[in-house]
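Novice: Start from the sequences, fold in the hints, and give me the full structure.
Numbering-wise, the working numbering comes out as the position in the sequence shown, counting from 1, plus 9.
Because the hints were derived from the structure by calculation, they are not lab data.
Possibly wrong hints are sitting among the right ones.
Claimed, not checked - Just the calculated beta-carbon pair ranges, DEER-fashion:
1. 79 to 153: 36 to 46 angstroms
2. 190 to 79: 11 to 21 angstroms
3. 210 to 67: 10 to 20 angstroms
4. 80 to 189: 20 to 30 angstroms
A virtual CB, placed ideally from N, CA and C, is assigned to each residue, including glycine.
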Amino acid sequence: MSKQLNYIRVMVILLGLLIHGNQSAMAYTVDGNLYDWGIDLYAANYQGYLNNHLPGGLNVNYVTGDYVGPGGYVGPGYGGQIYDLEAIYFDNDHDYGYIAIITGFPQSGTAVHGPGDIAMDILPCGEYNYEYGIDLETGNLIHMPDWDDVSLYFQSNPWTIGSGNVVGNCDVVYSSLAVNDHYVIEASFLLADLGLSMDDVFNIHWTMECGNDVLDL
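Specialist: Dropping the structure here:
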């Protein structure tokens, strides 16, 4: 009886480890809440916070630009916090890629400029063709998009998808409410829809219609 109980106890412990392992590798929830990335926007109440408080995952790739300079400079243009693009994060599991973007730019845009779509370029290094894009309005993953140019700062190109071939569908959220003047764009997509494996390299790009601020990861 004792051996049987010990066997059951060991099996329960092993099952618990398997469940814990699966939980630690669980997919991100695409909901505009970045707690699962290790980011608390309710604490991001001063300029530069996101440059110093980085995502919590060991394998997260990121680039930050949480800074507004004199005269509202965000680079390459101006406009202050509303045009500030503050961070892009990327992570993946075996099947999916996950993107999170933090910006001061609302989904509704401004009186004259709208938000862009997510551009993705399969590298070799230095070759930026942006062969794929995520249409934030439809959630469609587009192959060989006909990209539209920005209206002001052309070094921020591309901006938004004009047309292209739909090759997949993504989970996409663009938060409608600001937290400390931050909006969140989140998306997930099948790596196989981009022809990617876990070790491939690609570039993620986002900007708004004017191109006042831009980040590339």
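Novice: Each hint needs a verdict: does it hold in this structure or not?
Specialist: Hints, one by one, checked against the model:
A beta carbon spacing of about 41 angstroms between residue 79 and residue 153 agrees with the range 36 to 46 angstroms that was offered as a hint. Separated by about 18 angstroms at the C-beta atoms, residue 190 and residue 79 satisfy the suggested range of 11 to 21 angstroms. The given range of 10 to 20 angstroms is respected by residue 210 and residue 67, whose C-beta atoms sit roughly 18 angstroms from each other. Evaluation of the 20 to 30 angstroms hint for residue 80 and residue 189 yields a pass: the beta carbon distance comes to about 22 angstroms.
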